[in-house]
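Letter by letter, the chains look like this.
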Amino acid sequence: MEADAQRKKLIRDIEDMAARMRKSALDMAFSARGSASHIGAGMSIIDVLAVLYGGVMKLDKGDPIWAGRDRFILSKGHGVLGYYAALAEIGYLSKDDLDTFERSGTFLAGHPVMNRERGIEFTNGSLGMGLSLGVGVALALKKRGGANKVYVLVGDGECNEGAVWEAAMSAAQFKLDNLVAIADCNAFQLGGRNEDIMSVGDMAEKARSFGWNAVTVDGHDAERLYESLTASYENGKPLMIAAKTIKGKGFSMFESDNRWHHAMLSKSQYDSLAEELRSRQP
Amino acid sequence: MIINEALSKSWSRVGTRATFGLVMLDLAEKVDRLMVVSADVSTSAGLDRFKNAYPEKYLDVGIAEQNMMGIAAGLASEGYSVFTTSFAPFQTMRCCEQIRVNLGYMGSKVCMVGLASGLVSGILGNTHCCFEDIGVLRSIPGITIITPADCAEVAKAVCAAQRHPGPLYVRLTGSTRTPIVYADDYGFEIGKAISLREGADVAIIASGMMVHESIVASDLLDKSGISAAVVDMHTVKPLDIETLRGLLSKKLIVTVEEHSVMGGLGSAVAEFLSRLADRPPLKIIGVPDEFVEVAEYRELLERYGLTGEAIADAVSDAMRGLY
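Respectively, the protein sequence lines represent chains Z and W.
Heads up, the first sequence is in my numbering, so the first residue is 1078 and it goes up one at a time.
Heads up, the second sequence is in my numbering, so the first residue is 2 and it goes up one at a time.
Keep in mind the hints are simulated off the structure, nothing from the lab.
Treat the hints loosely; a few may be bogus.
Simulated pairs of lysine to aspartate or glutamate, EDC-like, Cα-Cα distance not exceeding 20 Å [said to hold, decoys possible]:
#1 Z/K1252 x W/D41
#2 Z/K1220 x W/D33
#3 Z/K1135 x W/D41
#4 Z/K1220 x W/E30
#5 Z/K1220 x W/E79
#6 Z/K1100 x Z/D1147
#7 Z/K1314 x W/D61
#8 Z/K1252 x Z/E1311
#9 Z/K1219 x W/D33
#10 Z/K1252 x W/E30
#11 Z/K1219 x W/D202
#12 Z/K1220 x W/D61
When you get a sec, could you build the whole thing from the sequences and use the hints?
Spelled out as structure tokens, the structure:
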């Protein structure tokens, strides 16, 4: 019973963290006024990131390079609004750091640039490369014999890239059960809907056919995400979580409207979005 | 690794690729956190003994060079000293953007080894020839490029690469029974060219198998009264500017490479010389801007003027103002 109550509290904390992250992401998008940012993809991954950073991953808040940490790779590098917001929640980035987002001279570029001291594990931005990095890291961690996991967040549009499937094949071949890929299946890519451009179909089914364990979950349901990320699976296989998400999730103006794939916010838009966020707080 | 005549001779017999495999065997014994990642080329890279002797240090990713580079960078990020290998066009161009981002941008400690670069695979067609690799990689910031002159220099370069903190490309050229440039031990330093022949009139700057051909050319030129220095510019990037400055008093500078005349050693030297107001003329000898005809290695070298005799003729012509 006590465990149940603890679990409920954890999920509530994760949901609160996700709400704060959406506000941080919105603030960053607005503070980058002079330049556009990837709003849709940044918002769709926030709940996944809140579950990972707020409940699942082994981290040391005081030491971003602690050897015993789990590793995270943002393969869909344009999801930085969510990523930087998560790193700020952990304390690796400050509010002042976030205010420099996409400004000249910043270390918080529109795509992550490796900066381990600040929790940014890898350089990403060119799509289709992160899962291979994850395979390399997972192999190294296995050689070391630790119990660390590697989490790679890929986009469904990103999975148009053939290199993703080279990596998927190898993760199964090398029996990397310490590797978890989470596919942010928001059903859109730069130019429109996946189904109109290049659909990857059923991500979990594809992953299974590549020799992975795979589940499909609601990518905005913290409890289901937490369950799927902490459940036991068949040994010796990597895990794919196909997270069904909504691009721009959390803001009615952004949701499933691909004009917000990469866009700028006006002051009045920002004000009304911030108000919408406030009104949703319990 | 200490070179001696016997080693140099035995390596020369098996060629640059098999030498690479033998040197890796030696390195694996000494270096704990070493990984060799191959794209299904264990036999071609002379790595069969390595993979049997050190299975924990060997990884085959299959025919998937893009994945190979990402995996290599992931391993390097956890403290491994990583070597990757495939045939030169696939090792460099198939996965060029992974090299740019995962190696160059991230500064990963990964050494790429390009097999059978240049014209040695001419009979297989242009898919397997490689005369663009230096040009392509040279424009990516932070990547060191080494083209060893012979098998002994392959050994020196691979050992130096293992100690180097950032990304490198080691370009292997030639077939089996490669000419010997270095029969005895010598000092090898990344970025430091080696002067092999002194000469007052001309400086021939060469890389890879063209170093030996340039020595042959220098000997021939000597007989016709032209004194030609020969420099082994094994590191094409970063270029040894100091050594180049010492050659500015010559009447002519010639570069010779088994690579396109665009983007390689000749281009790198031209970029340096272009900054100077007072400089000798430069003659760039290499593969012209075209896909080569299907032919045996030696025949292609002859066709493109990449033999000692042809280099000597080209230098003589250039000395008489004929380019």
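Now the hints, each set against the structure:
| no. | hint | result |
| --- | --- | --- |
| 1 | Z/K1252 x W/D41 | holds (19 Å) |
| 2 | Z/K1220 x W/D33 | holds (12 Å) |
| 3 | Z/K1135 x W/D41 | violated (36 Å) |
| 4 | Z/K1220 x W/E30 | holds (17 Å) |
| 5 | Z/K1220 x W/E79 | holds (10 Å) |
| 6 | Z/K1100 x Z/D1147 | violated (26 Å) |
| 7 | Z/K1314 x W/D61 | holds (18 Å) |
| 8 | Z/K1252 x Z/E1311 | holds (11 Å) |
| 9 | Z/K1219 x W/D33 | holds (16 Å) |
| 10 | Z/K1252 x W/E30 | violated (27 Å) |
| 11 | Z/K1219 x W/D202 | violated (59 Å) |
| 12 | Z/K1220 x W/D61 | holds (16 Å) |
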